[in-house]
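Keeping the supplied structure of chain V fixed, place chain X upon it in accordance with the hints.
Sequence lines, in order, name chains V and X.
Read in order, the letters of the first sequence are residues 0 to 287 in numbering that gives the first Met the number 0.
Read in order, the letters of the second sequence are residues 0 to 197 in numbering that gives the first Met the number 0.
Hints should not be assumed to be uniformly reliable.
Said to hold, decoys possible - Derived DSS-like pairs: lysine-lysine, alpha-carbon spacing no greater than 27 Å straight-line:
#	chain 1	residue 1	chain 2	residue 2
1	V	Lys139	V	Lys208
2	X	Lys80	V	Lys208
3	V	Lys139	X	Lys72
4	V	Lys139	X	Lys165
Worth flagging that the hints you see were computed from the coordinates, not collected in a lab.
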Amino acid sequence: MKANTHFAFFDEGSKKEIRRAIMKAVAIPGYQVPFASREMPIARGWGTGGLQLTLSIIGKSDVLKVIDQGADESVNAVSIKKLVHETTNVELTEETSEATIIQSRHRIPEVPLTKDQIIVLQVPTPEPLRGVEEREFVTKRMHSEDDYSGVWLMLFEQIMKYGRTATFADHPVYVNGRYVMAPSPIPRFDNNKMHQSESLILLGAGREKKIYAVPPFTNVESLAFEDYPFTVESFEGHKCHLCGSTDIFLDEIIDQQTGEKSHQCNDTSFCMDQLNRKEKVEVQTSYA
Amino acid sequence: MTFDQVHDLQQVYRLILHSMSRPGTISSLTDIAERVDMNLPCYDATILSAMTFFDVETTFHILSEDQQELIEKISEYTSAKYAPINEADFVIVLREDTETAIQSAIQNCKNGTLIDPQLSSTWIIESTLLSSEGELTLRGPGIQETAQLHTSFDHSAWHARNEKTKEYPLGIDLIFTDENAQVVCIPRTTSISVMGVS
Numbered sequence: 000m001k002a003n004t005h006f007a008f009f010d011e012g013s014k015k016e017i018r019r020a021i022m023k024a025v026a027i028p029g030y031q032v033p034f035a036s037r038e039m040p041i042a043r044g045w046g047t048g049g050l051q052l053t054l055s056i057i058g059k060s061d062v063l064k065v066i067d068q069g070a071d072e073s074v075n076a077v078s079i080k081k082l083v084h085e086t087t088n089v090e091l092t093e094e095t096s097e098a099t100i101i102q103s104r105h106r107i108p109e110v111p112l113t114k115d116q117i118i119v120l121q122v123p124t125p126e127p128l129r130g131v132e133e134r135e136f137v138t139k140r141m142h143s144e145d146d147y148s149g150v151w152l153m154l155f156e157q158i159m160k161y162g163r164t165a166t167f168a169d170h171p172v173y174v175n176g177r178y179v180m181a182p183s184p185i186p187r188f189d190n191n192k193m194h195q196s197e198s199l200i201l202l203g204a205g206r207e208k209k210i211y212a213v214p215p216f217t218n219v220e221s222l223a224f225e226d227y228p229f230t231v232e233s234f235e236g237h238k239c240h241l242c243g244s245t246d247i248f249l250d251e252i253i254d255q256q257t258g259e260k261s262h263q264c265n266d267t268s269f270c271m272d273q274l275n276r277k278e279k280v281e282v283q284t285s286y287a
Numbered sequence: 000m001t002f003d004q005v006h007d008l009q010q011v012y013r014l015i016l017h018s019m020s021r022p023g024t025i026s027s028l029t030d031i032a033e034r035v036d037m038n039l040p041c042y043d044a045t046i047l048s049a050m051t052f053f054d055v056e057t058t059f060h061i062l063s064e065d066q067q068e069l070i071e072k073i074s075e076y077t078s079a080k081y082a083p084i085n086e087a088d089f090v091i092v093l094r095e096d097t098e099t100a101i102q103s104a105i106q107n108c109k110n111g112t113l114i115d116p117q118l119s120s121t122w123i124i125e126s127t128l129l130s131s132e133g134e135l136t137l138r139g140p141g142i143q144e145t146a147q148l149h150t151s152f153d154h155s156a157w158h159a160r161n162e163k164t165k166e167y168p169l170g171i172d173l174i175f176t177d178e179n180a181q182v183v184c185i186p187r188t189t190s191i192s193v194m195g196v197s
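Here chain X stands alone, though its shape is the one from the complex:
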């Protein structure tokens, strides 16, 4: 871990904040990702996001069952504790996770309460290459008119996410990462329509 935990993570934060306030806008963490030498079974952008947000006050969940080593490493680096899906503040989805696993996890994760909608889970999701040309049309706060996006989430995963955010202000906020150290965010306020499917 040769990146700077103060200044590099501040930059990562600002880039993610930029993307979170402008859903569909892809930010690149390449410069900082070059300095990541942790050799973990996840993308550099994933570990950078985790390092930015996790500390002893937070809990996280990893969908894959055989990632004990990654769980231990993240706990060691950040002091965050591993928790079951229905308690975790952050949920990490790795490339290997199946759509069915993602779907059931979305159904079971923390969604906040009407009094405290901030008590919901934030997802860090590894995707195939993110692109602003894609099948998704985004609308909502942070987007001037519409934005286009491509992620590895399929129709059923978006359906589960849309169900989870139906009772706004309840809902989950998503951070997608890819192997080129790009990030893009979909907060609960974004309405998503998948092209070709009504």
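In isolation and in its complexed conformation, chain V is listed as follows:
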């Protein structure tokens, strides 16, 4: 038997509570606003934070895109998309520029976002100080006192140990010069896309019951030292083996049989777009 769910799955009371938390998150950029994370029909840790944000803000006229590590067609993205679509009947898209809400796990799309779009990021660990201090009431106090020596020390220790900061994703950022924030496990490559972004960025952690945000045109600075500046992943000398793009985030793919390495766009819809564009040019020139 299938229950007839309310629009966007949630009852109106849940939406209101989450909507109020989002307003506070926008007013205090980078600050983690606690909220009453709901039980969802997917397991915690599978994007329930992002899903709750999406369901609370979505309306009938929205166009939704969901990506998981850059891919539109991975299981997590498809399940979330199906759930939202079945309860709201909104239009779905894979085209980044057509979407009004983009829910994403661990990537910010390659195509620059616009002022009419909201990106919702799924967050596993919203607390950038968790590695330094286990107790929530202490980390909350550290944030209130602007005490971020622990996180600086963590980066310093990495430099001592490895000769560079060894954060691989989720490199901590300073938001609006006040709060240190976990940008969610996006690669360092994407950190700069948060700085002075045109679109509103919402971040939701379902298991940890936190919502936070980066409003548009807000300073987002990756933590770094003067003599060890912030660096992003480098793909110099590589290009996508499908569409040939460079200057984007690439995945390394290893052929199981031959052991051969190749690189491919991580953002699948961007790659598809490039291929379609090329094909269009080919068709036009071959018929002309």
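Coordinates of chain X only, in the frame set by chain V:
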């Protein structure tokens, strides 16, 4: 009340969210306000904002002392409870309220704590016609360079607001409404300078 409590309020929310994340950007609720037929002594945009955010978990305060009927109506519609100024999550300022009343209310309202800055009050303020050409220059998160704005708040009210938001992240977030069903928001992060007054 013939507007749709699910879909219309979702739209109102998105418009207010758009304005809150872009301080100084005026959003129009006209289409939805046309369907408001509640006949209350406040602007349509005011009641729509209240209906969007209020529920049984929230408290609100209305500055005017002789608005018992409006208080009762809002409580009935939203299940929110009336509370004194120093406890209210939301504060509603109507057109008739004086600058002195507003000023003292700003001084006494909830401002959050350094540990929980979200425990501050959000203000819904009725203004004369809002306009993006005005005496205020806004800067801060959500604004590319600067934004201009006109509201009915006078110099002393802005002064009180600036004092209240001095110890960031403490502070109050403001939603202005007008009779043309427009809204504009000023979160605590926005720095405001009034032209002609240093």
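Results of checking the hints against the structure:
1. Annotation: proposed proximity of Lys139(V) to Lys208(V) holds, straight-line Cα distance about 14 Å (limit 27 Å).
2. The hinted pair formed by Lys80(X) and Lys208(V) meets the criterion: a straight-line CA distance of about 26 Å does not exceed 27 Å.
3. Restraint check for Lys139(V) and Lys72(X): the C-alpha separation of about 38 Å exceeds 27 Å, so the hint is violated.
4. Annotation: proposed proximity of Lys139(V) to Lys165(X) holds, straight-line Cα distance about 21 Å (limit 27 Å).
When the structure is compared with the earlier hints, a violation turns up for hint 3 alone.
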